[in-house]
Structure formats: structure tokens, C-alpha cells
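Read off the chains here:
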Amino acid sequence: VPEPVSESLKLLGFLDVENTPCARHSILYGSLGSVVAGFGHFLFTSRIRRSCDVGVGGFILVTLGCWFHCRYNYAKQRIQERIAREEIKKKILYEGTHLDPERKHNGSSSN
Amino acid sequence: MAHAAQVGLQDATSPIMEELIIFHDHALMIIFLICFLVLYALFLTLTTKLTNTNISDAQEMETIWTILPAIILVLIALPSLRILYMTDEINDPSFTIKSIGHQWYWTYEYTDYGGLIFNSYMLPPLFLEPGDLRLLDVDNRVVLPVEAPVRMMITSQDVLHSWAVPTLGLKTDAIPGRLNQTTFTATRPGVYYGQCSEICGANHSFMPIVLELIPLKIFEMGPVFAL
Numbered sequence: 001v002p003e004p005v006s007e008s009l010k011l012l013g014f015l016d017v018e019n020t021p022c023a024r025h026s027i028l029y030g031s032l033g034s035v036v037a038g039f040g041h042f043l044f045t046s047r048i049r050r051s052c053d054v055g056v057g058g059f060i061l062v063t064l065g066c067w068f069h070c071r072y073n074y075a076k077q078r079i080q081e082r083i084a085r086e087e088i089k090k091k092i093l094y095e096g097t098h099l100d101p102e103r104k105h106n107g108s109s110s111n
Numbered sequence: 001m002a003h004a005a006q007v008g009l010q011d012a013t014s015p016i017m018e019e020l021i022i023f024h025d026h027a028l029m030i031i032f033l034i035c036f037l038v039l040y041a042l043f044l045t046l047t048t049k050l051t052n053t054n055i056s057d058a059q060e061m062e063t064i065w066t067i068l069p070a071i072i073l074v075l076i077a078l079p080s081l082r083i084l085y086m087t088d089e090i091n092d093p094s095f096t097i098k099s100i101g102h103q104w105y106w107t108y109e110y111t112d113y114g115g116l117i118f119n120s121y122m123l124p125p126l127f128l129e130p131g132d133l134r135l136l137d138v139d140n141r142v143v144l145p146v147e148a149p150v151r152m153m154i155t156s157q158d159v160l161h162s163w164a165v166p167t168l169g170l171k172t173d174a175i176p177g178r179l180n181q182t183t184f185t186a187t188r189p190g191v192y193y194g195q196c197s198e199i200c201g202a203n204h205s206f207m208p209i210v211l212e213l214i215p216l217k218i219f220e221m222g223p224v225f226a227l
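Chains as they are written, first to last, in the UniProt record's numbering: chain A, 1 to 111; chain B, 1 to 227.
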């Protein structure tokens with residue numbers, strides 16, 4: 001009998017925070033930024049409504065900033081993983097032959 | 001295949017689908033933030049005590065809400081166009097298969113290395129064995145090699161159909177009198193399902209597509225090369 005698939009948390013019903021890379025990290029930092037910005041503004045101005053506006057704006061900006069920063073690093077990591085995977089494959093296929101990547105590298109360094 | 005009540009995308013089996021999933025996550029985060037802002041604006045509208053509706057001269061706000069959506073659209077359009085052009089890259093397919101839509105089954109032709117032609121009908125419920133998937137399994141699957149670029153030529157013999165396999169990020173219309181082309185490279189072996197995606201009559205929901213992706217060495221030993 002197949003096991004039931006567990007429901008993941010979806011913000012506003014569609015953003016899957018658990019399974020989307022960088023989403024949880026961005027939302028958490030965004031929430032922290034929102035609280036800091038909103039509460040800080042209130043401490044200085046004692047204006048509730050405007051502090052809420054600042055809080056919401058802070059949430060959006062901090063989330064967006066963290067999101068782009070994290071996704072950029074994630075993309076870099078994926079590229080490095082792909083290069084490593086290709087090199088390992090090449091090494092396994094060509095080890096001991098004239099196409100061995102390590103042999104080529106050692107040959108060029110000794111010259 | 002999709003599990004019951006699945007709303008999100010299926011796991012990727014091709015590099016293009018991986019890119020599509022990444023783009024989908026990117027667009028969804030932007031959509032979430034816009035929805036959050038709109039919900040907050042709606043909340044403010046419902047709870048405001050302000051009664052003066054004769055408001056004018058909000059030049060700064062008008063500038064911001066003109067330029068900001070343009071920036072957001074550029075942030076969405078650039079990755080989208082990148083993937084669009086990626087799907088059209090020349091990748092020198094090593095294998096070509098023709099897929100012809102009929103009412104209500106698919107015909108596949110492997111003509112590169114012989115003349116293998118077969119029909120692929122959905123398995124009727126009475127013919128299902130334990131473990132078979134209702135409305136998805138077929139009598140003859142399309143067997144293809146993994147990690148080899150494959151070209152699909154898609155057309156129809158009667159009405160419009162659409163050949164779709166979500167996990168590969170493929171959906172190509174089968175149009176009578178026209179030959180459409182799509183290419184893909186599968187990255188992992190397995191059995192992958194799709195369904196006809198253009199309304200084509202009474203049994204439109206009952207003409208699925210099943211791909212069986214196997215390692216190249218085993219594919220080379222198969223009946224295609226034995227012809």
C-alpha cells in the first residue's frame with residue numbers, strides 16, 4: 001500500500017517553502033527584517049500605521065534581497081557540481097588511457 | 001508520474017525541465033511578494049478611517065508604481081527568454097522518432113535503423129494487471145535511450161492532439177498536415193507518463209503516452225537494432 005504523501009507548508013496556498021531551495025531562508029530573514037524595521041521605526045516615531053507600512057516594505061525588500069543572493073550562490077553551486085560530475089565521469093572512463101585528464105594535467109605541469 | 005492531488009511540477013528528467021523548475025520557483029517568489037503587498041493594501045483599504053476620496057497629486061507614488069512593475073517584468077522576462085532560446089539550441093540528435101496522433105491512440109515510427117512501427121493504446125481497465133496504472137499504462141511503450149539527444153517529429157492523422165510528457169518538460173501540438181519537432185535528452189532511466197493535451201474527441205483523456213528510458217547499452221541490444 002503506497003504511503004500517503006506528507007503535505008508541505010505552502011504560504012498563501014502556493015509557495016512551497018519546504019521544497020523550494022532558498023525559500024525558507026529568504027522568508028525567515030525577511031520576517032526578521034520586517035520585525036526589526038517595523039519595530040525600530042515605531043521606537044523612533046511612535047506611529048503605528050506607518051511602522052506597519054515600513055514593516056511590510058522591509059519584509060518585501062529583505063526577502064527579495066536574500067532570495068537573489070541565495071539563488072545566485074545556488075546557481076554557482078550547481079555549476080560547480082556539474083563540472084565535478086563531468087570530471088569524475090571523464091576520470092572513470094579514461095583512467096589509464098592517453099585521454100586521462102590527470103595524465104594530461106601532470107604532463108603539462110612537468111613541461 | 002504525478003501522485004494523487006499533486007499541484008506542483010513533477011521532478012525533472014531533462015536539463016530543460018530542471019531550468020524550467022528553477023525559473024518557476026523564481027517567478028513564484030515574485031508572485032508571492034506581489035500577492036502579499038496586494039493583500040496588505042486590501043487590508044488597509046478595509047480598515048482605514050480616512051473618508052476624503054478627493055485625493056490627487058501623488059506624483060512620487062505614481063512614478064514608483066509605474067517603474068517598479070517594469071523592473072519586475074524585466075526580472076521575469078530575462079530568465080524566461082534564456083530558457084526559450086535554450087530549448088531551440090542545436091544539439092545534433094542521435095535518434096529520431098515520429099509520433100502520429102490518431103483518435104484515440106498514438107503511432108510511433110522508429111525509422112532510423114529499420115522500419116519499426118507500432119501503435120500505443122491505453123490499457124482498458126479490464127486488462128490491467130496488479131501494479132498497472134489506470135488511465136496511464138499502455139500496451140506498447142516508447143523505448144528510448146538515456147543520455148542521448150532524441151528528436152521527436154510529431155504530427156496527426158486526423159484532428160489536433162498534443163504530445164506531452166511533463167517530467168521532460170515537453171508539450172508539442174500534433175497538427176494534421178504539419179510536422180512539429182521537439183528534442184530532449186533524458187538524464188535518468190525510468191518509466192515516464194504523459195497524456196494527450198489537446199481536446200480531440202470523446203476519448204481525449206484515454207490516449208496516454210508512456211516513455212521507457214533505458215541505458216544506451218541495453219537499448220542497442222534491443223529489437224530496433226536487430227532489424
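Quick caveat, the hints were computed from the structure, so don't treat them as lab data. Quick reminder that beta carbons are idealized off the backbone N, C-alpha and C, glycines included. Any given hint might turn out to be false.
In silico lysine-lysine, DSSO-like type, Cα no more than 30 Å apart, as pairs [claimed, not checked]:
| id | chain 1 | residue 1 | chain 2 | residue 2 |
| --- | --- | --- | --- | --- |
| 1 | A | K90 | A | K76 |
| 2 | B | K217 | A | K91 |
| 3 | A | K91 | A | K76 |
| 4 | A | K89 | B | K49 |
| 5 | A | K76 | A | K89 |
| 6 | B | K217 | B | K98 |
| 7 | A | K91 | A | K10 |
| 8 | B | K98 | B | K171 |
| 9 | B | K171 | B | K217 |
| 10 | A | K10 | B | K98 |
| 11 | B | K217 | A | K90 |
Here are some chain A residues pointing at chain B (derived, C-beta under 7 Å) [as the list claims (entries may be wrong)]:
| id | residue |
| --- | --- |
| 12 | L12 |
| 13 | I48 |
| 14 | S51 |
| 15 | V54 |
Not everything, but these chain B residues come out facing chain A in the computed CB check (under 7 Å) [stated by the list, open to error]:
| id | residue |
| --- | --- |
| 16 | F23 |
| 17 | M29 |
| 18 | F43 |
| 19 | D132 |
| 20 | L133 |
| 21 | L135 |
Tested hints:
Restraint check: the Cα-Cα separation between K90 of chain A and K76 of chain A comes to about 21 Å, which is no more than 30 Å; the hinted pair holds. Pair hint K217 of chain B plus K91 of chain A holds up; C-alpha atoms about 20 Å apart against a cutoff of 30 Å. Among the hinted pairs, K91 of chain A with K76 of chain A is consistent with the structure: their alpha-carbon atoms are about 23 Å apart, no more than 30 Å. Between K89 of chain A and K49 of chain B the alpha-carbon distance is near 67 Å, which puts this suggested pair outside the 30 Å criterion.
Pair hint K76 of chain A plus K89 of chain A holds up; C-alpha atoms about 20 Å apart against a cutoff of 30 Å. Proximity of K217 of chain B to K98 of chain B is assessed by CA-CA distance (about 22 Å); at most 30 Å being required, the pair is judged to hold. A C-alpha spacing of about 42 Å is found between K91 of chain A and K10 of chain A, which places the hinted pair above 30 Å, so the restraint is violated. Taking the CA atoms of K98 of chain B and K171 of chain B, the gap is about 15 Å. The hint holds against a cut of 30 Å.
With a C-alpha separation of about 28 Å, the suggested pairing of K171 of chain B with K217 of chain B holds against the 30 Å cut-off. For the hint linking K10 of chain A to K98 of chain B, the alpha-carbon distance of about 41 Å lies beyond 30 Å, and the restraint is violated. Note on K217 of chain B and K90 of chain A: the hinted pairing holds, with a Cα-Cα distance of about 18 Å set against a maximum of 30 Å. The restraint placing L12 of chain A at the interface with chain B holds, with a minimum CB-CB distance near 6 Å, inside the 7 Å limit.
For I48 of chain A, the interface hint is violated, since its Cβ never comes within 7 Å of a Cβ in chain B; the closest pair sits about 12 Å apart. Residue-level restraint check for S51 of chain A is violated (minimum Cβ-Cβ distance to chain B is 13 Å; threshold 7 Å). With 7 Å as the threshold, the beta carbon of V54 of chain A stays out of range of chain B, its nearest partner Cβ sitting at about 12 Å, so the hint is violated. Interface restraint check for F23 of chain B: the shortest CB-CB distance to chain A comes to about 11 Å, outside 7 Å, so the restraint is violated.
Restraint check, M29 of chain B versus chain A: the minimum CB separation of about 5 Å is within 7 Å; hint holds. Interface hint status for F43 of chain B: violated, as the beta-carbon distance to the closest one in chain A is roughly 9 Å, over 7 Å. The interface hint given for D132 of chain B is broken, as the beta carbon of that residue sits about 14 Å from the closest beta carbon of chain A, more than 7 Å. Hint on L133 of chain B is violated. Least Cβ distance to chain A is approximately 12 Å, over the 7 Å limit.
Taking 7 Å as the C-beta cut-off, the interface hint given for L135 of chain B is violated, the closest approach to chain A being about 17 Å.
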